[in-house]
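Construct all of the structure, not just a fragment, from the sequences and the given hints.
Residue numbers (numbering that gives the first Met the number 0), protein chains in the order written: chain A, 0 to 317; chain B, 0 to 317.
Please note: incorrect hints may appear among the correct ones.
Same chains, same names: a pair is fine if it fits in one copy or spans any two.
Below, in silico cross-link-like pairs of lysine-lysine (DSS-like), each with a Cα-Cα straight-line distance of 30 Å or less [claimed, not checked]:
#, residue 1, residue 2
1, LYS276, LYS213
2, LYS295, LYS77
3, LYS77, LYS36
4, LYS57, LYS106
5, LYS293, LYS131
6, LYS293, LYS77
Calculated directly from the structure, the hints in this document are not laboratory data.
2 protein chains.
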Amino acid sequence: MAAKVSIGVDIGGTNTEFGIVDGDGKVIERAMITTPKKDNINQFIDDLSTGIKRLVSKYSDFDYQGIGVGAPDGNFYKGTIEHASNLPFQGVIPFVSLLKERFPEMKKIALTNDANAAALGEMLYGGAKGMKNFIMITIGTGLGSGFVVNGELMYGSDGFAGELGHVTVTSEGRECGCGQFGHLETYCSATGMVRTAFELLSHHNATESLLANKSFNQTTSKDIFDAAKKGDEIALTVFEITGDILGQALADAVHISSPEAIFLFGGPVASGELLFKPVRESMESHLMPMFRGKVKVLPSRLRQGEAAILGASALVYK
Amino acid sequence: MAAKVSIGVDIGGTNTEFGIVDGDGKVIERAMITTPKKDNINQFIDDLSTGIKRLVSKYSDFDYQGIGVGAPDGNFYKGTIEHASNLPFQGVIPFVSLLKERFPEMKKIALTNDANAAALGEMLYGGAKGMKNFIMITIGTGLGSGFVVNGELMYGSDGFAGELGHVTVTSEGRECGCGQFGHLETYCSATGMVRTAFELLSHHNATESLLANKSFNQTTSKDIFDAAKKGDEIALTVFEITGDILGQALADAVHISSPEAIFLFGGPVASGELLFKPVRESMESHLMPMFRGKVKVLPSRLRQGEAAILGASALVYK
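So, in C-alpha cells, the structure goes:
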C-alpha cells in the first residue's frame, strides 16, 4: 500500500516553502519560491501550484492526504488570508478556494495562521506529543501563539484566537504594528529586542556597548545574543527585560488556560538560558500559588528550518 | 414518565444554597444552610446531605440526574475543593467522594468552581444559549471567569483554568489575596472598587464625597453605585477606572480566545451603563483592528439569586 503523506506550505513574508511530509514528520523533499513583493495573487497561486505539482509528480507513488497551509493572518474557518500586514496581498484572499481550483483531486486543503500551524507541528511531531493542553509561542518579527485546549487548537468564534502578541503589557507603551500601544510583541519579539537594545543604548548613552556601532535597521536579535555572550551589559539587560515581560505575559496565559507546558519557537530561542532563565523566573514570580512549579517552559523540538512546513502539513490530519 | 431534574449546590463563604432544577432551568424549590466558620467538613457534608435528602423526599416523583456543586477553588477533574481562601476547610477536600458516600444512588455527582458553574448556567439557561465560544465573568468579592471554547468549558491541564482575576494589570500594583501584586481582581471586583474609592478619597482629600463618611469595612460597591447616581465625582471616577482596567483585561482575553460574547455577572453589574460603557470603550480601544466591533459585552441573563444553583445543576448535563 502506498505510504500516506501530506504537503505542507509555509507562506512567509520573503519566501514560500513547501514540502512532502510523511506520517512520522519526516520532510521527504522540499522546495521554495519567492513570495511576491506585489499583490499578484493569481500569479503566486500558479507558481506555487506548479512547484507543488512538480514535487508530487516526482513522488507519484505516495497516497496524498491533502495540503496544509500556514500563513500570517490565515483564518482556519474561512480558508482565507485576511489583511496580512507582512504579505503584499490586499484584503481578504480566499486562498483555500484558489488552491482547490488547482488541486481538485486533493482530499483536503486547509489553512491556518503560522503560529497555529507550529502548534499542530509540535503536537504531532514535536515535544507536545500526547499533551492535551499547551501553548506554542513563535518569536520572530512579531510574536504569535497557538493555544491547544482539550487536544484541539483554540480558534475562537471567528478563527482568529491566539493573538497573545497583542495583549497589553504596558498601557501607554510602545507603538505596535496593529496600531495599538504597549502590546507584548513590541517587547518580546526579535524586533522588540532590538527596540529594547536601542532604548537602553539611548538611556545609558552606552557608547561602549558592542551594539552601538550598527544602525537600527541592521541590528538583529542575533547581534544581541552575540554581544550578550561576550558579556555586553546592554545585551544582557535586553535578555533580562525581554524575559521579565514575556514571563509576566505567560503567567497571565497560564492563569487563563492552565497548560501543561509552553513551547517557545523562533530565532531568539537559540539564545537558550539567556532567555529561558528570566522567562521562567518572571513567570513563576507572577503566578498565583496553585500554578507555581507546574508549567514547563521548553524550547520547541521542531527543527527551525522545517517547523513551518511540518506544522502546516499537520493541519491535514487535524 | 418522571420529569428529569438535577440538584444544584452553591457553596459560598457565608451560606450554602441548594435546589432542585428542572430541564428548562426553573428552580423548583431551594433551601439553605450556613457554611461553617470552622473546618468541620464532615459535619458540613452531613448537614448538606440531610438538607438535600429532605428536598428529594418532598419531590420523590422526579427522575434525579445527579448533583452539581459550585465551590470556590473547586476542581472539576478531581472533584476536590483545594486550599479555598474564602472557606474554612483546610487543604484538599475530596468533596465529590464525600458526597457520593451519602448519595450512592445518584447517577452523577460533579463539582467545579463557581465561575465555571455560572458559565455553564449561562450556556444552558441564559444568554449564551447556542454560543460555542464565550467568556463568563463573575464579579463579587473577587473576579472569577469561565471560558467556553468550542462548546466546552476550558479546564486546562489540571482543572484550574479560567483565573482571569489573577492576570497582572499593573506590575507593582495592589496586593492580591493570592499573595501576588497588581492582579485584575484587586481593581475590578466589588472589593477592588471600594479600594479604588478609598484611594481616590485619600488622593483628592475628598471630604465632600458621599463616600467619605463610612469606614473601609462598611463601604460596599452598592454604596458607590448609589453615590454615583447622585453625581458624586469620586464614585463616578471609580466606575471610569474600574471600566478602563476591566476593558483592557477583556481585550487581552479576546486576543487570546476570540469569543462571541463576554457576560458579566455579579453585584456591580446592576450598575448598568455606569459600568458597561467604560468597559466597552476601553476594550474596543485596546483591541487590534480585526477584533473591533465584534465582541458583545452583555449582562448575564441569569437571575442574581438563582445563577449559582442553576450553573451548578447544569454541571450534571455537561
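Each hint, compared with the structure:
1. LYS276 / LYS213: within (27 Å within a copy, 48 Å between copies)
2. LYS295 / LYS77: between (33 Å within a copy, 21 Å between copies)
3. LYS77 / LYS36: Within one copy only: 24 Å inside, 54 Å across.
4. LYS57 / LYS106: within (19 Å within a copy, 59 Å between copies)
5. LYS293 / LYS131: both (15 Å within a copy, 29 Å between copies)
6. LYS293 / LYS77: Answer is between: at 16 Å across copies they meet the 30 Å cutoff, but 36 Å inside does not.
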